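Engineer: In the order they appear, the protein sequences are chains U and F.
For any residue, its number in the working numbering is found by taking its place in the first sequence, counting from 1, and adding 6.
For any residue, its number in the working numbering is found by taking its place in the second sequence, counting from 1, and adding 5.
Just so you know, the hints here were simulated from the structure itself, not pulled from any lab data.
All values reported here derive from a predicted model rather than from experimental measurement.
Hints may be right or wrong, so weigh each one.
Below are the PhoX-like pairs computed for lysine-lysine, each with C-alpha atoms no more than 20 Å apart in a straight line [as the list claims (entries may be wrong)]: (1) U:K213 - U:K44; (2) F:K333 - F:K256; (3) U:K435 - F:K110; (4) F:K333 - U:K125; (5) U:K360 - U:K212; (6) U:K125 - F:K335; (7) F:K338 - U:K125; (8) F:K339 - F:K256; (9) F:K256 - U:K125; (10) U:K431 - F:K110; (11) U:K434 - F:K110.
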Amino acid sequence: MDVLLLSRLQFAAATMFHFLFVPLTLGLSILVAYMETKYVRTGDETYLSMTKFWGKLFLINFALGVVTGITLEFQFGTNWSRYSAYVGDIFGSLLAIEATAAFFLESTFIGVWVFGWNKISKKAHAIVMWLIAGASTLSAIWILIANGWMQHPVGYEIRNGRAELTDFAAVVFNKFGLLEFIHTVSAAYVLSAFFVMGISAYHLLKKQHIDFFTRSFKISLVFGLVFSIFLAINGDMHAVHVTEVQPAKLAAMEAHWETTARAPIHLFAIPDEENERNLIEIGSIPGLLSFLGHHDINAEVTGLKDIPKDERPPVFLTLLAFRTMVGLGTLFPLLMIIGWFLRNRLVESTLYLKVMLFAIPLPYIACEMGWVLAEVGRQPWIVYGLMKTADAVSPIATSQVAVSLVAFILVYGLLGATGFYLITKYAKKGPESAIEN
Amino acid sequence: MALQTIWFFLWGLLWALFFMTDGFDFGIGTLLPFLGKNDDDKRIMLNSMGPLWDGNEVWLITAGGVTFAAFPLVYSVMFSSLYSALMLILFALILRGVALEFRSKVDNPGWRQIWDVCIFVGSFAPALLFGVAFANIFQGLPIDENGLYHGTLFTLLNGYGLLGGLLFLLLFLVHGSLWLSIKTEGDLHERAAWTANKIWWALLVTAVAFLIASKFKTNLYDNYIANPALFFFIALNVLALLGIKLYLVRKAFFKAWFASSLTIVLCTFFGVIGLFPSLFPSNISPEYSLTAYNASSSPLTLKIMLIVVIIFVPVIIAYQAWAYNMFKGKVTKKDLEYEEAY
């Protein structure tokens, strides 16, 4: 194992672990803010206890998101120092803006929200949660603009042996980053809806706190229904843009070897990267890949054979990630639509409630797979077409990275287990815990 | 040139603000096992920083982010050179963060004890290591012409580096015990004030030793000798340090804490002024040093970031001041009944 592989594993572990908590922060903050607003508007105490119950789960999750996010900012320096030196002029400023414009707001006001129940008016307290929700969304915008630049670099020139900023507006309004933002945030909202609906289903199945959890379920159902449909639409827009600027990723997503018109999608395929072919292709639908990439079944789609071997991403992992994400992404609106028809007889719909309880992990898997697709599918580039990952790694001792990787796995493993334990504990306990405690 | 100079001092200021704000949190966390005689005491200590520590910690993220944005080469060389030290700090901060959040989530003494250890380690280690890191930067590191670091974690643990670590630790301990003196009452308050008084003496001795050692181990004084007016800042620093004691004796704890804040900022600036224009000096050859001029971003990026900082930093300070003001007043046992209390 060399520094490059270890650093890649470490970054993958750190980002994927971090992203277990980010989506729920993004979505649940909005749901909690909405519940608190309902409380302020109606004075209905149930909304207050909903705010506190879901707020408690939000806070445990938030704490884990924050602490795991800190390491990420520094890992660009520790493990990817040559990347940082080469593109810091652009990339660094986006991270710095994220901290000053968004993260500060979020972290300062979370303290106010937690400790300020008796210090400010009810209305101000609800506004604080909206500020937290807004700041976390703003945070996502800047981070995804930064990632969007790695996917599709714009607004720069190579000067003084590095990439220097020439057009800030081009970087900020980079279509790739904005599409990623919309897609990620929609996915986060869907995940949050599933989280609330799944936990609500648990209690509804036990026939406890029925009013409380029916309301929680329905609020999230509307939220999840809207965003799961929107997610599919913006995912499709995203695929078209990927086709345009990252042909290698699209080809790898579908293990598409030959450049052809009316390119097919195989329902099932096992790629053989050595021999540049697929071992198995089952259920080919002609023209579907052309349609996915170009919205035209007759369009020509570049095959992997027309991309130099050293510029191709790992095909199998990219394909697997894409399939999993899209498969789950198709299931989500269906589950939401079923929920819509059952919304007025939830308690009797035990099968559906059971499905929703066990569906909680699914959007997590879909989100992680989305990131695997985005990042693995971009390989071997760290900045698409501009800098290779192999050239980006720090010139440091292998032993250092080996030790820190082991530490990451141990510490994050323990944190994950503890976080899971606490969230489960409070989720199962139900709303009294939020009132008494 | 002017932009790079402005950014050099802004860089110093952001680090100083981080040490000033999160510094008292580190102090409190380190004092937890010593001043917290029982669980209520400990909880009062933790709740005295409860609503604020998270926002304080973001100054670190901002200082790191700004290093990346304004001086990417420094960010790249500094963090890869100090890899192990930085990883230790980051893991410590992770432990502290989750420990604060999780400690009171399960009512079990064993559970709490585990997190108390995490809070202690997570506060003590960064306090010490930031000092070690900065003292080593003051002194210069073995960086070659390619920005490669010829050393290990143990290279940093030299006499001057450890003295710097001790200095930071004592600064934060005084800062934290003063904050506790402001925020608590009764026995705990007495113990906190007593601790501030005692540790102040250790701080004074260490600070004097550090000023003298800096003469022999670093080139920090070159800038001061070239421009003697700068000695004013050192004089001010000494006055702030004495001011802590002066107000402590009069039991004016808030003023003492304020003097301590000023001391931390000026101590950071003692080094920053001395370093100028170096951000990361090489002790192999001065030519290999990373400076505000050879390691900065392009003028366009520096300009954009300057606008961002000029707009947002005052706004951040305003809402953080609002939050500090909201949570002023003593933390008492009654506050521990509050359902969201740590």
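Engineer: If a hint holds in the structure, say so; if it does not, say that too.
Structural biologist: Structure-based check of all given hints:
Restraint check for K213 (chain U) and K44 (chain U): the C-alpha separation of about 24 Å exceeds 20 Å, so the hint is violated. Distance check on the hinted pair: K333 (chain F) and K256 (chain F) sit about 17 Å apart at the alpha-carbon level, within 20 Å; holds. Between the alpha carbons of K435 (chain U) and K110 (chain F) the distance comes to roughly 13 Å, so the proposed pair stays at or under 20 Å and holds. The straight-line distance between the Cα atoms of K333 (chain F) and K125 (chain U) is roughly 11 Å, inside the 20 Å bound, and the hint therefore holds.
Pair hint K360 (chain U) plus K212 (chain U) holds up; C-alpha atoms about 11 Å apart against a cutoff of 20 Å. Distance hint between K125 (chain U) and K335 (chain F) is fulfilled; the C-alpha atoms sit about 14 Å from each other, no more than 20 Å. Between K338 (chain F) and K125 (chain U) the CA atoms are separated by roughly 17 Å; this keeps the pair inside 20 Å, and the hint holds. A hinted pair counts as satisfied when its Cα atoms are at most 20 Å apart, and K339 (chain F) with K256 (chain F) does not qualify at roughly 24 Å.
Restraint check for K256 (chain F) and K125 (chain U): not satisfied, since their Cα atoms lie roughly 28 Å apart, outside the 20 Å limit. Simply put, K431 (chain U) and K110 (chain F) have alpha-carbon atoms about 10 Å apart, close enough for the 20 Å limit, and the pair holds. Distance check on the hinted pair: K434 (chain U) and K110 (chain F) sit about 14 Å apart at the alpha-carbon level, within 20 Å; holds.
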